[in-house]
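Participant: Next come the chains, spelled out residue by residue.
4 protein chains.
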Amino acid sequence: MDFAHSAKAADYIARVGEFIRTEIDPVEPGYHRDLAALSDPWVVLPVIEELKAKARAQGLWNLFLPDETHGAGLRTVEYAPLAELMGRSAIAPEVFNCNAPDTGNMEVLHLYGSDEQQARWLAPLLRGEIRSAFCMTEPDVASSDATNMAATALVKGDEVVLNGTKWFSTGIGHPNCRVAIFMGLTDPDAPKHQQHSMVLVPLDTPGVEIGRMLPVFGRHDAPFGHGEVTFTDVRLPLDAIIAGPGRGFEIAQGRLGPGRIHHCMRLIGLAEKALDLACRRATERVAFGKPLANLGGNRERIADARIAIEQARLLVLSTAWKLDTHGLAGARSEVSQIKVVVPNMALGVLDLAIQLHGGAGMTDDFPLAAGYASARALRLADGPDEVHRGVVARIELKKHQS
Amino acid sequence: MDFAHSAKAADYIARVGEFIRTEIDPVEPGYHRDLAALSDPWVVLPVIEELKAKARAQGLWNLFLPDETHGAGLRTVEYAPLAELMGRSAIAPEVFNCNAPDTGNMEVLHLYGSDEQQARWLAPLLRGEIRSAFCMTEPDVASSDATNMAATALVKGDEVVLNGTKWFSTGIGHPNCRVAIFMGLTDPDAPKHQQHSMVLVPLDTPGVEIGRMLPVFGRHDAPFGHGEVTFTDVRLPLDAIIAGPGRGFEIAQGRLGPGRIHHCMRLIGLAEKALDLACRRATERVAFGKPLANLGGNRERIADARIAIEQARLLVLSTAWKLDTHGLAGARSEVSQIKVVVPNMALGVLDLAIQLHGGAGMTDDFPLAAGYASARALRLADGPDEVHRGVVARIELKKHQS
Amino acid sequence: MDFAHSAKAADYIARVGEFIRTEIDPVEPGYHRDLAALSDPWVVLPVIEELKAKARAQGLWNLFLPDETHGAGLRTVEYAPLAELMGRSAIAPEVFNCNAPDTGNMEVLHLYGSDEQQARWLAPLLRGEIRSAFCMTEPDVASSDATNMAATALVKGDEVVLNGTKWFSTGIGHPNCRVAIFMGLTDPDAPKHQQHSMVLVPLDTPGVEIGRMLPVFGRHDAPFGHGEVTFTDVRLPLDAIIAGPGRGFEIAQGRLGPGRIHHCMRLIGLAEKALDLACRRATERVAFGKPLANLGGNRERIADARIAIEQARLLVLSTAWKLDTHGLAGARSEVSQIKVVVPNMALGVLDLAIQLHGGAGMTDDFPLAAGYASARALRLADGPDEVHRGVVARIELKKHQS
Amino acid sequence: MDFAHSAKAADYIARVGEFIRTEIDPVEPGYHRDLAALSDPWVVLPVIEELKAKARAQGLWNLFLPDETHGAGLRTVEYAPLAELMGRSAIAPEVFNCNAPDTGNMEVLHLYGSDEQQARWLAPLLRGEIRSAFCMTEPDVASSDATNMAATALVKGDEVVLNGTKWFSTGIGHPNCRVAIFMGLTDPDAPKHQQHSMVLVPLDTPGVEIGRMLPVFGRHDAPFGHGEVTFTDVRLPLDAIIAGPGRGFEIAQGRLGPGRIHHCMRLIGLAEKALDLACRRATERVAFGKPLANLGGNRERIADARIAIEQARLLVLSTAWKLDTHGLAGARSEVSQIKVVVPNMALGVLDLAIQLHGGAGMTDDFPLAAGYASARALRLADGPDEVHRGVVARIELKKHQS
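Protein chains in written order, with full-length UniProt numbering: chain V, 1 to 402; chain C, 1 to 402; chain G, 1 to 402; chain X, 1 to 402.
What the hints contain is simulated information worked out from the structure, not anything from laboratory work.
Please note that the accuracy of each hint is not assured.
Because identical chains share one entry, a pair is satisfied inside a single copy or across any pair of copies.
As the list claims (entries may be wrong) - In silico DSSO-like cross-links for lysine-lysine, where the CA-CA straight-line distance does not exceed 27 angstroms:
(1) K398 with K192
(2) K398 with K290
(3) K156 with K192
(4) K399 with K290
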C-alpha cells in the first residue's frame, strides 16, 4: 500500500493549485458580483474566456480525459485530486474545461462517437468553444428507476424520431450550448438493457424547445442552468445515434464511474473550502469574550468535519484506483458508496460552516449557501441516495446467498 | 392534565383552517407564480389585500394579540395552534395580520408604547395598513452575543442620535414598511441590562439608508426582504424612545417568549405541510414497480417524521402553557428548548419531503425548498442553536450546584 | 389544555417520591452489593419484603391498577408520573408491587379472569406474595411477527395441551414465581385474530421445564431472570384458558397500551436519573483545569438530553391521556410512537452519562451500565423499533389513500 | 497511489485467515461455553495453549512486532490487516500472541528495556509464557487528563517507591500475569513531560494488592479481567524503572500510535464479523412473509454499515502508512481521528446486528453483546472521544492561526 500521489499527479496538483490561488481566487468574488448585477446573467463574462485561455496555454486543460492525445493521460486516481482542487471554486471546472456535463459528454464521444461525430462535436468541446447538455431525467416519472423512462427515440426508415419531455438538463441555458445527448426508448421488446438509444441533437433542430430554467434551492445557476426541454417529433438522420440504436444503457454505464468520481472529488474540494472558512471564522469572530472556536461544541464539530472529509476522500480515491485497476465491474458497490457518502458529508461540513458564519453564511457573501444547494442536488442527481444504498446492500447480501 | 383544546381555541382552529383551505390554498400557487414573473417583485399583489379584507371581516385578524380589545383575547397556548395552521402557507400570516416581525413590534407597542406612539404606529399596524421592521442584528459582530452590539442610540439634549449598521432587518423591503424599531447602545456605564434603548424610527428620517436586500439561501423573500440598513447621525425626539432610555433589553425579553412560540408553531405547520406532501408523493409515485412508500427506508422515515412533529408540538404547547401560567421566568429553559428543537425538526421533515420529490423538490413547484431556507434561517435568527443549548444547559447544571 | 397534574396525581407523586428518597435510595446500593456477593442470587433479600410491607402500609401499592377496589383508581395519565419515579430505581417497581410482567398479568386477570382464576392467581399477586411470568416470545421464529408463533395450545376434549419453546420469559427465575401465562396457537383455521389462546400454567405442572436463564448484555437480572422454558405435552383443564379459546390476541391487545406507557415512563425515570448523575459528575470532576461541564460539547449534550427527555415525557403523557380518553383504538399510532422514541432517547442519555463517568460508568458502581442493558432490551421487547415504525407509517400513509 | 497489499502482507493475510477459519472458528463457541460453565473462570483452558502452539509452529506469532528477529518484520500498514482478522475472534489475539496490553508492553520493552529487563520480562512474554498488565488509569481523577495522575513513583536512594491506586488494569486477573508496568509521578517540578516514570513491577512484590475485578457492562472478561490494584509503599530497585526516571510520557507517546492502530483494526474485524452475522440473519429469518433484509430500512442500514466500515478501514490503513512513513509526529491528528471514528463505527454496526438478531442478539449465543461492551469501552480507553476530538480540532485550527 502506498498512499502517496504519483510524481505526475503531484506535479499537476501543484500547478492546478497554484493556478487557482493566483489566477482564479482573486477574481472569483468579483465574477459572482458582476454576474449577479446583470439583468440577463445568461452570458459568458470575458474573464472566463481569459482564464480558459491561460489555463489552456499552461497545459491545464481537459485534464479529466485519460486519453494522452486529447487529454492529460491521467488515470482516474491521478485526476481525482485535481477535481478536488477545482471543486473549491465555482468557476474553476469550466476554466480547465473540466465541467459537467461536458466532461461526461466528451468521454462518451471519445469512446463511442463515430469519426464524424467526433469531428463535429468532440473537437469544439475539447477546445472549449461550445457547451453541451445531457437530457435524461424526466419530470413525469420517477427517474431514479431508469426503466421508467417515457421519452422515445424511434427508428423510422433512415431517421430517428424523438419525443418526450426532459428536465434538469444542466448546461442547456449556456449561450454556447449547441448540442444535447438525448436518451430515449427505441425498442421496448429488446432485452432490458438494449432498449434505449443515445442521440446527438443539435439544439437548433426543429421540434426542440427549451422551456423554463429550473430554480434549484432558489438558484438558476446561470449561465449554465438546469432546463426543461421538450422534444416534439424531432427528426434526425440515423447517424445521430451514438454507437447505433439500443446501446444507450451500455454507454450510460461507462459514463457513470468516472463521472461520479469527479462529482465526489469536487464536493470534497467544496467541503475543504467550507472547513477552511469555518476555521477562519471560528478563530476570528468573538462572542462572550472568546473566539467562536472555544465556545460549546464547535471544536468537536470541526474535528468531526475533518474526520469526515478524510474518510470520504480515501473512499473516493480507493474507488478511483479500483476503477483504474479492475474496471467498473470491480467497483460497482464502491461507486455507489461514494455517491451516498460524499454529498451527505459535504452538506454536514457546509452546514457547520454556515452556522459559524451566522446570518452571513446564508447570504452570497460566502460560497456556502450556493455550495449547499449544489451538494444537496447531488443527493438526487445521478441516482438518489436510496438507489445507491440499494446497490450496496444488494452486493453485500449476495455474498451470503449461495 | 388535559390535552384537549379549549372550546374557544377549537372554534378558531376550525375557522382559520377553513379559511386557509377555501380562500388561501386555491390562490397561493398562482400568487407565487405571478410574483416570480414580475421584474420588480417588491410590491403587494391585489390578492393579498383582498384576502386580508376577507379575514378581517370574519374576525380572523390580529389573533396573536392576547388583548381582548385589539386582538382575539387568546392565551398563548390557544393562539399556538392557529400559528401552526398559518405556517402551512407562506402568505397566511400576513393575511391574518399575524406575520413577523409586525406581531412582535405590535406587542412591544401595545405593552410599552406611549399613547402617542400607539396612535401613530400601533393603530395602522393593527389595521394592516403599514408594515414595520426590527433592526437589531449587525453584520460586523457576532450578534449571538447581544452585548457585542456596536450601534448607538445616544441621548443628546432633547434628541436621541442613532448610528450603526444593521442587517437582516426583515420586512424592510416591503412597500408599506414605514417604521423600524432600532436597538442601540445608550449608556455603556449603566448596569448590563440597562445599557440599550429601543427607538421608533420612521423610515423617511434623514440618515436612514436602506442598502441591499440580502439573499437567504438564494432567495430575497420579496416583498418583505431582509435588508441591510445604515443609520448615520439619525436624530429623533426623545419620545421616539420606547419606554425611555435604557429599557431595550427589558423590552426585548418580553418580546422573546411569545415570538418564539409563534415562530416554532409556524414551523410545525410547515413541517406538517411537508409531511403531507411527502406522503402524497410516496403513495402516488412509482419506481421499481412499487409506490415510493414501499421502497427502502421510506416508511421508517415517514414514521420518524410523524414522531418528531408530535414531540415538537407538545413541547411548544407545554411551553406556551408555562408562559401563560408562570411567565417567562418560569419557562426560560423551555423557550430555549423549543428554539433548538423545532427548526431542526422541520429541516429534517422538509429534507425527507424534498428527497421523495426528487428533482422537483428542489424547485419552486413545491413549497419545500423555500420552506427549507426559512427553517434553516431560524437556526440562526433569534439566537443560534448553540446559544439556546447553552441556556438550557446552564439551567440544568444549576440544579446541581448549590 | 392544562399541563398540570390532577390533585390526586400530585399527592401520589409527592408520596411516592418521598418514599423513594427516604426508604429506597439509602438502601439500594447495599442491596445490589449484597446480591452480587451471593453465589446464588436467585433469592429475595429480606430488605425487599420489608420495603414492600412499608409501601403497602402507606397505601403505595398496586398503583398501576385503575380499579378503585384493588388498585389506586388512577387513570393512566395519573399513574404515569409514578411509573417515572419508580423507574429511577431498579427495585422500586417491585417494592410498590408495580413491576412487569406482573402488572400486565394482573391487568389481564382483572379484566378477563374468571372468579376462580382471580381467586387463585390475582389475589396473591395483588398481595405481592407470588410472582408470575408471561411466555410469548420464541427462539426459533421472528417473534416481531406474532403470526409466526409456533407454540400450540390445542383443545383436546376437556383439556388444553401445550407444546412449544418460549424464551425471554421475564420473571420466571424468581423464587416466588408460581404461574405463567402461556400464549399458543389453538386454531389455525380461525380468523387471523382468533387463532391463539392464553393459558394459565402453574409452574409445577408436569411438562413445564425451565431451562437456562438468558444473559442480556452480560446480565441475568437475578432474581427475576429471563428464562428459556419448554412446554412438552403440558395438560391443563379447559378453565386454565383465560376468557376461553381463541381470545389470546384480543387480550394481548388490551394489555399493550398501558404496559407500554409503564415501560416508557420507567425509562424516562431512568433517563432522569442518568442525567442527574451526569450533571453531578460534570460539575464535580475536573480535567484540564475545568469541570467536565465546561469542556468541549458536554454542555450541548446535556442540553440535548434535557430536551429529549422533555419531549419524550410529553409524548408519553399525551398518549396516556388519549388511551384514557379514546381507548387503544384512538391511540394506536401514539402507542407505537412512544415505543420507538423512549428507549432510544433513554439510551442516548445513558450513553452520555456513561461517557462523563469515564471507566466508572461502565462498571456497576453506578446504575448506568445496567440501565443501558435494560433500555437496549426495550428496543426489542414488546415489538422492535422497526415494527412500531411500520405501524406509525401505515397509519400516516392511510390518511392519504382514499 | 496503490491500494494493494504488499506480497508479504498478502501472504500473511491468507495464512492468518486460514488459521482462524480452520483452527479457531470451529472451537471458539465451545471455548466460551466451557468457560461460562466454570465456577472459577480465571483459568487458561487447554485449548488456548494448544492453539498457541500451533500458531507459533506455523510462524504466526508476535506478528505485531516490526522487529525482524523477535517479530515478523511487518510494517504497521502490513500488520494492520492481520489485526483486523484477529479482531473477528475474541481469542485469536492471544492465540497469535498479539493481544493487548501485552503487545504494547512488549513494544515498550523492545524499544526502551535494558538487556536485563528484556531477558527477565520480554523473553517470556514473546514466548507467550507469561502475561502482563499496564497500570495507568486511576479511579479518583479524570484520567482523560494525564496530568491529573495522582500515583507516585518517587526515587528514594537506590529505590523507587510506588504509591497509588490504579484501575482498569487489563489482564491483571490472568493466572499467568507476572508483571505490571506502573506509571507514576516522579518529579512534579520537572518540565511537564518529564515528570513521570514507568516502572516494572513483579506482581508478587510486597505492597501490591489486586482488588476486585471490574465488570464492564456486566462482564468480567475472564481470564484477563480489568482489575483495581493498590500500590502501598512498593519498593523496587532503580533498575525497575524503564529507561530511567522521568521518561514515562516519552515512552507512553511511542506506545500510542501502533497501539491505537491495533485496537482500531481489531474493532474493524469485529464490525466485519457483526455485519457478516447481520447479513446472514437478514437473509435467513423471515417475518411478515419476507426475509428481514427486505423489510423496512434494513437494506439501507446494511449499506450504511458497509460504507462505514470501508471508510474507517481506509482511514486506519492510511494512518498506519503515515506512521510508517512519517512517524507519530506526522500522524498525530490521524491517530486521534481513528480513535474517534472506529469505536463509534463498530458500535453502530454491532447495534444493527443485535437488532436484526432480536432477543438472541443480546445473549451470549452470538458474539454481539460481548463485542458491544468491548467496543464501547474503547470510546473511553486510551483517551475518550472528547479528548481525541480536541486534538484533531487543535491541529486543524492551528493551520489558520499564524
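Participant: All hints are to be evaluated individually against the structure, with a verdict given for each.
Facilitator: Each hint, compared with the structure:
no.	hint	result
1	K398 with K192	within (21 angstroms within a copy, 34 angstroms between copies)
2	K398 with K290	between (53 angstroms within a copy, 16 angstroms between copies)
3	K156 with K192	within (21 angstroms within a copy, 57 angstroms between copies)
4	K399 with K290	between (53 angstroms within a copy, 19 angstroms between copies)
Checked against the numbered hints above, the structure violates none of them.
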